[in-house]
Amino acid sequence: MGKIHPDRLEMHKVLGGSKRKPDDTVTVSRRTFLHKSIIAGGAVGAATYGWLPLINTMDIAHAANNIRFAWVSDTHLYPKSLNTRFVDKANRAFKEIEAMKPDFMIFGGDLAQVGMPEELDLGEQLLRAITIPKYFIPGEHDWYLDMGKLWEKKFGGSPWSKDIKGVHFVGLNTVGQAPDFWSAKGMTARERMGHIEPLDGSVAGPWSGLGPEQLKWLDSDLRKVKNNTPIVIFSHNPLYEYYPPWNFWVRDWREVHEIVRPYSNVTNVHGHTHQVLYNEIGGMRSIGMLATAWPWPYAPDGVPKLTVPHVRVDPGDPYDGVGWSDIQYSSQKGLDNEYKMWDRDVFATAAADSGTSDNTGLTLRPRIADRIWQY
Amino acid sequence: MLNKRSTKIWIFAAASLFVGATLFFLTGPVSAHKKTHSNADMQAFDDAYMEVVKIGDQLFHGGGPPAKEYGLTLSKTGMACAMCHPFASDVHPHQFPKFQEQMSEVVGLREMINWCIEKPNEGVKIGIDSEAMIALEAYIMWSHKGTIIDPGTH
Numbered sequence: 003m004g005k006i007h008p009d010r011l012e013m014h015k016v017l018g019g020s021k022r023k024p025d026d027t028v029t030v031s032r033r034t035f036l037h038k039s040i041i042a043g044g045a046v047g048a049a050t051y052g053w054l055p056l057i058n059t060m061d062i063a064h065a066a067n068n069i070r071f072a073w074v075s076d077t078h079l080y081p082k083s084l085n086t087r088f089v090d091k092a093n094r095a096f097k098e099i100e101a102m103k104p105d106f107m108i109f110g111g112d113l114a115q116v117g118m119p120e121e122l123d124l125g126e127q128l129l130r131a132i133t134i135p136k137y138f139i140p141g142e143h144d145w146y147l148d149m150g151k152l153w154e155k156k157f158g159g160s161p162w163s164k165d166i167k168g169v170h171f172v173g174l175n176t177v178g179q180a181p182d183f184w185s186a187k188g189m190t191a192r193e194r195m196g197h198i199e200p201l202d203g204s205v206a207g208p209w210s211g212l213g214p215e216q217l218k219w220l221d222s223d224l225r226k227v228k229n230n231t232p233i234v235i236f237s238h239n240p241l242y243e244y245y246p247p248w249n250f251w252v253r254d255w256r257e258v259h260e261i262v263r264p265y266s267n268v269t270n271v272h273g274h275t276h277q278v279l280y281n282e283i284g285g286m287r288s289i290g291m292l293a294t295a296w297p298w299p300y301a302p303d304g305v306p307k308l309t310v311p312h313v314r315v316d317p318g319d320p321y322d323g324v325g326w327s328d329i330q331y332s333s334q335k336g337l338d339n340e341y342k343m344w345d346r347d348v349f350a351t352a353a354a355d356s357g358t359s360d361n362t363g364l365t366l367r368p369r370i371a372d373r374i375w376q377y
Numbered sequence: 009m010l011n012k013r014s015t016k017i018w019i020f021a022a023a024s025l026f027v028g029a030t031l032f033f034l035t036g037p038v039s040a041h042k043k044t045h046s047n048a049d050m051q052a053f054d055d056a057y058m059e060v061v062k063i064g065d066q067l068f069h070g071g072g073p074p075a076k077e078y079g080l081t082l083s084k085t086g087m088a089c090a091m092c093h094p095f096a097s098d099v100h101p102h103q104f105p106k107f108q109e110q111m112s113e114v115v116g117l118r119e120m121i122n123w124c125i126e127k128p129n130e131g132v133k134i135g136i137d138s139e140a141m142i143a144l145e146a147y148i149m150w151s152h153k154g155t156i157i158d159p160g161t162h
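Protein chains in written order, with this note's numbering: chain S, 3 to 377; chain B, 9 to 162.
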């Protein structure tokens with residue numbers, strides 16, 4: 003884990019050195035004033051971190067028509083017989099979205115916990131509550147039991163792109179290109195999933211990435227749109243390096259940033275991290291989404307300086323620290339992301355209540371049982 | 009001059025000291041080792057410790073064979089400790105004992121482990137001094153080796 007720091011320095015040098023911002027049309031509104039005051043502080047990553055009064059949305063201007071969509075991800079459904087809590091929370095999100103009737107819903111991956119047909123069937127059944135258009139990208143929990151066969155049969159393939167009301171939306175598959183860690187060890191499908199399932203597993207290694215073919219596709223897809231077109235890229239994993247040991251990154255983030263470099267208005271909306279996150283690197287901003295199932299702790303290293311962390315979660319309250327996102331574009335207000343976190347305020351107002359201050363000063367080690375040779 | 013009572017006390021004290029010293033030299037302190045530790049000894053101690061850490065790792069990541077062996081129900085929801093605590097992060101073993109809001113009292117790490125098993129995971133509490141508890145504690149502490157002890161901090 004000692005390698006993370008030099009890598010991050012490189013990222014800032016390569017991508018942050020030019021002091022580029024995501025676009026020139028960022029406006030300061032009442033709700034983002036404090037947030038923007040940090041950004042105005044200097045180059046990416048150089049801002050001084052501080053504790054801020056409550057804010058619950060981010061407004062970033064784009065010259066787009068009105069469009070509203072909902073993001074749900076990381077429902078991690080088990081069979082109903084084992085866990086009804088996750089089913090209840092997925093149902094609650096879907097009901098709220100259906101009542102709101104946005105233009106579309108994007109499901110950002112990890113519908114299932116271990117990709118079993120029973121889990122994906124359950125997810126498909128729950129999703130029937132949504133009557134608006136639905137788009138999908140996979141998570142690793144949906145993929146590694148049968149290498150995405152059932153997922154793609156039910157929810158379609160990716161990557162894809164769509165132009166809706168002047169915004170270019172892209173859906174990536176950041177989970178299906180893992181280096182083969184299973185064949186040489188003769189793992190069964192369940193054993194393969196067993197190494198993907200824990201966030202802190204070390205056998206599966208850096209499984210998240212776009213891969214050469216998808217990078218080529220992304221490059222050719224974006225060449226079809228003008229440089230100032232609002233672009234929203236949906237991905238399960240963040241498209242920057244946050245914390246590789248938990249695959250809070252894509253391993254080919256350098257190539258992704260090279261591809262999006264010519265475009266001035268790029269927003270990456272991602273899942274997997276189960277927490278409030280905000281970052282800007284070069285011309286792209288990234289917004290991390292909540293899970294409906296459970297929140298992950300902030301990593302001990304690498305939380306972007308631009309992130310206002312979410313509040314410390316109460317482990318006794320299954321509806322705390324989780325939820326979905328209501329995202330809107332309008333030509334007047336720009337992009338507005340509202341975290342629909344159930345039961346609690348979203349953002350920490352003091353260090354003692356913060357999910358990030360919890361983990362400062364920890365020295366953590368990768369798990370040991372992974373290193374027992376079982377094959 | 010000593011009176012008779014003082015003389016008896018001195019005789020009793022001297023006799024006790026003599027008996028105690030004799031027993032000490034004959035048997036030695038119960039727990040002391042008599043030989044210098046070799047590298048092989050140190051390796052054996054470490055092997056024994058790491059075996060327990062590995063058991064704790066498996067229990068922490070869903071139970072595995074040790075949970076069956078010990079007859080434990082650590083969770084009835086499918087959730088494992090590691091699902092909220094990857095690399096045992098957010099456990100904060102270095103802060104215990106501390107005031108724990110969920111229990112409204114100052115508790116140790118083991119009480120908190122049992123709270124998590126019983127409440128969020130809806131499992132069955134384990135013995136506070138059981139092998140499983142020691143293994144869980146060993147894994148959590150091993151994961152945090154090098155973290156500065158900071159007891160009582162919220």
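It cannot be assumed that every hint is accurate.
[To be verified] In the EDC-like style, the derived pairs of lysine to aspartate or glutamate whose C-alpha atoms are separated by at most 20 angstroms in a straight line are:
no. : chain 1 : residue 1 : chain 2 : residue 2
1   : B       : K84       : S       : D303
2   : B       : K84       : S       : D90
3   : S       : K228      : S       : D165
4   : B       : K153      : S       : D316
5   : S       : K103      : S       : D372
6   : B       : K127      : S       : D328
7   : B       : K127      : S       : E193
8   : S       : K82       : B       : E130
9   : B       : K106      : S       : D355
10  : B       : K76       : S       : D372
11  : B       : K127      : S       : D303
12  : B       : K153      : S       : D303
13  : B       : K127      : S       : E120
Since the hints were made in silico from the structure, they are not lab data.
For each hint, the structure was consulted:
no. : hint             : result
1   : B:K84 to S:D303  : violated (32 angstroms)
2   : B:K84 to S:D90   : holds (16 angstroms)
3   : S:K228 to S:D165 : holds (12 angstroms)
4   : B:K153 to S:D316 : violated (26 angstroms)
5   : S:K103 to S:D372 : violated (45 angstroms)
6   : B:K127 to S:D328 : violated (31 angstroms)
7   : B:K127 to S:E193 : violated (29 angstroms)
8   : S:K82 to B:E130  : holds (16 angstroms)
9   : B:K106 to S:D355 : holds (16 angstroms)
10  : B:K76 to S:D372  : holds (19 angstroms)
11  : B:K127 to S:D303 : violated (29 angstroms)
12  : B:K153 to S:D303 : holds (16 angstroms)
13  : B:K127 to S:E120 : violated (26 angstroms)
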